[in-house]
Amino acid sequence: MVERSPVFDDDPGPGAPVPVELSSHPARHCLDVDPEVFFPVSELGVLQARLVCTGCPVRVACREWATATGEYGVWGGTTREERTAQRHVAIAAVAAVDGRAVAA
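Residue numbers (numbering that gives the first Met the number 0): 0 to 103.
In short, the hints are calculated from the structure, not lab data. Certain hints may be false.
[Stated by the list, open to error] Derived DEER-like restraints, expressed as beta-carbon distance ranges:
| no. | residue 1 | residue 2 | range |
| --- | --- | --- | --- |
| 1 | V88 | R49 | 16 to 24 Å |
| 2 | E63 | P25 | 18 to 26 Å |
| 3 | A94 | D31 | 37 to 45 Å |
Glycine residues also receive a C-beta, built at the ideal position from the N, C-alpha and C atoms.
Work the whole structure out from these sequences, hints included.
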């Protein structure tokens, strides 16, 4: 069975399926947390979601998956906006090494 999200075990949504190593990890910190926590509407909510992610054994893999798939919400302790900004910096760095110009 392919799960959609490590926090939405029954989510039939359109998102990319979460890799099994993330969704089934027994020590993931989001296991028993209300999914609403990861879709905050305030800075305080973002901080609460980050606290859940702090020290999670799948935090890096979770963040990388969310970055690659463009997921909304807090994943791996980062917001979509932060992941997008980090991705643009990484793309620009690779382009600079290759000697290509990249539009911001």
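Hint check results:
no.	hint	verdict
1	V88 with R49: 16 to 24 Å	holds, 20 Å
2	E63 with P25: 18 to 26 Å	holds, 20 Å
3	A94 with D31: 37 to 45 Å	holds, 42 Å
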